Amino acid sequence: MRRVLVILLFLVPLKSFTQEKWSNAPGQTLLYYNDYNFTRVEIRGQFIEQDKASAPVDGTGLRQGEFNAWARHCLDSLKRVEGGVSYQRGVKLGVKMNSSSDWQLLQPYIVLDSVGGDLQREQYRFWARYASRHGQFIWSVHASFRALHEYREADPRPRNITSDLVLGASAGMEAGEYAISLEAAYRKYHQSCSVQFMDPSGSNATVIQSLGFGRYFTRFSGAKKSVDTRFQGSGYSIQGRLEPTSGIGWLAGAGYNAIYLVRHLPEFNEVPVSTILREEATLYGGKKWAHSYVVAGLDGIFKRGYENVIDQSSAFLSLGALQMYRQYSLRASVVGYNEWAFKKVNLGLQPMLAACYTAASDGISAMDWVACQTGLNLEISYRLSRKLYIYAAPRAQFTLFGKSNWCIDTMATIGIEF
Amino acid sequence: MRKILGIILLLIVTSCVKTIPGGGMCHLTLQAQLPSGEKIVALQVDNSLPGNQIRNINTGETYPIPVFVNGQCELDVLKGVYIIAFDGVAALPNGKGYKVRCTEHATILTAVSLVQDGENVTLKLQVMQ
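Line by line, the protein sequences are chains W and R. The opening position of the first sequence corresponds to residue 367 in the working numbering, with each subsequent residue numbered one higher. The opening position of the second sequence corresponds to residue 106 in the working numbering, with each subsequent residue numbered one higher.
Think of the hints as simulated: they come from the structure by calculation, not from any bench. A portion of the hints provided could be inaccurate.
Unchecked claim - Listed next, the in silico SDA-like pairs over lysine to any residue satisfying Cα-Cα at most 25 Å (straight line):
| hint | chain 1 | residue 1 | chain 2 | residue 2 |
| --- | --- | --- | --- | --- |
| 1 | W | Lys-590 | R | Ile-188 |
| 2 | R | Lys-123 | W | Arg-692 |
| 3 | R | Lys-123 | W | Ser-603 |
| 4 | W | Lys-653 | W | Gly-542 |
| 5 | W | Lys-590 | R | Leu-214 |
| 6 | R | Lys-123 | W | Arg-585 |
To be verified - Only some residues are given here: those of chain R computed to face chain W with a beta carbon under 8 Å:
| hint | residue |
| --- | --- |
| 7 | Ile-125 |
| 8 | Ile-162 |
| 9 | Asn-163 |
| 10 | Gly-165 |
| 11 | Val-194 |
| 12 | Ile-213 |
| 13 | Leu-214 |
| 14 | Ala-216 |
| 15 | Lys-229 |
These numbers were taken from a predicted model, which means no experiment stands behind them. Just so it is clear, CB atoms sit at the ideal spot from N, CA and C, and this is done for glycine as well.
Let's have the full structure, built from the sequences with the hints guiding it.
See below:
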């Protein structure tokens with residue numbers, strides 16, 4: 367059981383987030399898009415299936431529907447504003463050994479149950495950004511808020527409500543064909559996680575306050591009718607960026623972000639029992655052409671976990687914290703993209719290759735592992751009329767982590783543009 | 106830049122975590138004491154019995170109790186708050202043996218805090234009839 371817990375908690379799925387960072391460039395990037403105003407409304411369906419879960423805590427699949435609406439407006443040639451809303455509704459299939467949301471952020475200090483099952487989810491997201499240019503000086507502000515609700519309708523019944531706020535600003539200047547900028551952002555995170563059992567004969571599973579490597583708080587775990595946990599914390603990020611103003615040329619960036627999250631137990635006098643500090647450093651570079659790009663990136667993640675020593679009194683006072691958990695991950699990835707544009711159809715192909723080395727220890731046990739991943743994304747968009755378009759993005763990924771694992775991720779969108 | 110990031114990180118850590126100084130382990134010295142004050146030559150505990158243990162009340166780690174030689178034993182435990190409870194057999198210099206019980210720190214409310222790098226705990230034993 368202990369070994370299974372260890373393995374389940376440390377399988378981290380590989381994702382090429384170099385590409386995410388490039389495509390989700392916030393702030394002043396707005397200034398370098400086409401200068402036309404639009405409003406888009408989209409309905410999207412997403413289907414993810416794996417042959418076996420690379421991370422059982424995240425489930426074996428996802429069936430999700432999504433509604434997106436966003437608008438971009440050029441106030442004048444020097445000012446742009448953009449804002450949007452999205453609503454996702456879906457179900458995560460076969461989630462095991464996890465009752466918390468956003469496990470990548472909290473791992474290994476998550477709440478888990480020994481039964482698992484499908485997890486319903488709905489997420490709301492609101493975001494806005496504004497960018498302006500004054501001569502060579504450019505600046506921007508952005509904000510986003512995410513509210514996530516995950517729950518299960520059979521015992522054990524987690525009900526997790528997450529709020530996640532990000533506020534940021536950037537400043538920079540244009541030099542020739544390039545823009546250099548520095549961005550800083552603040553993040554506030556809160557999650558309340560409540561696991562309940564409705565069975566009149568009592569709970570059918572043990573709810574565990576995990577510490578990683580199969581260790582857990584025995585004092586605060588057990589088979590109870592209800593277990594409440596609260597995660598809260600905040601984080602900071604700083605990022606430097608070089609990008610071509612014409613959209614064609616070299617691009618590069620470096621970033622650092624840190625977030626700490628404290629786990630509180632409301633039923634035990636709100637005692638803080640553990641803290642996880644997650645730091646991430648990113649370096650990427652590449653080149654963009656009119657219809658293609660190549661980006662290579664290096665990401666390092668460093669996690670530190672602190673376990674509080676809770677005293678013997680019924681006031682549950684903390685005597686101090688022990689630094690126990692440490693995890694280092696180094697990930698290298700290369701992503702390429704090429705687009706072919708026809709009369710009404712656009713075709714995009716995106717191969718990806720990534721490798722990740724991770725080492726973890728809690729002062730008592732230690733382990734390390736290597737995982738490799740390759741994937742191919744295909745994007746097809748078809749414009750039905752001047753305003754109506756459809757878009758499909760099937761993606762296949764293959765992961766090698768001791769055993770092989772394949773994943774199919776398909777997304778289909780229908781949208782209308784005003 | 107490294108210096109600025111280092112200062113930010115230090116501020117984050119120090120503002121949210123009050124760490125216990127030193128490493129994660131505590132070197133524990135247990136001293137057994139009979140009510141009569143007689144010297145104990147050896148004290149043996151049967152660790153296979155479920156109640157005989159040193160157990161962390163928060164994380165549940167258990168440690169077997171070593172043999173007490175001249176009334177004393179030493180072991181390394183993870184820093185924390187511990188229940189110490191056992192039944193054992195104490196041998197005296199005159200060859201006599203007593204069945205003894207240690208219950209002074211046998212419940213969560215009477216558990217002992219072991220958060221320094223080195224700790225000494227005196228256990229007052231009860232003699233069983």
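So, going through the hints one by one against the coordinates:
| no. | hint | result |
| --- | --- | --- |
| 1 | Lys-590/W with Ile-188/R | 23 Å, holds |
| 2 | Lys-123/R with Arg-692/W | 17 Å, holds |
| 3 | Lys-123/R with Ser-603/W | 23 Å, holds |
| 4 | Lys-653/W with Gly-542/W | 17 Å, holds |
| 5 | Lys-590/W with Leu-214/R | 22 Å, holds |
| 6 | Lys-123/R with Arg-585/W | 21 Å, holds |
| 7 | Ile-125 | 4 Å, holds |
| 8 | Ile-162 | 6 Å, holds |
| 9 | Asn-163 | 5 Å, holds |
| 10 | Gly-165 | 3 Å, holds |
| 11 | Val-194 | 29 Å, violated |
| 12 | Ile-213 | 5 Å, holds |
| 13 | Leu-214 | 6 Å, holds |
| 14 | Ala-216 | 4 Å, holds |
| 15 | Lys-229 | 18 Å, violated |
The structure does not agree with the numbered hints 11 and 15 stated previously, though it agrees with the rest.
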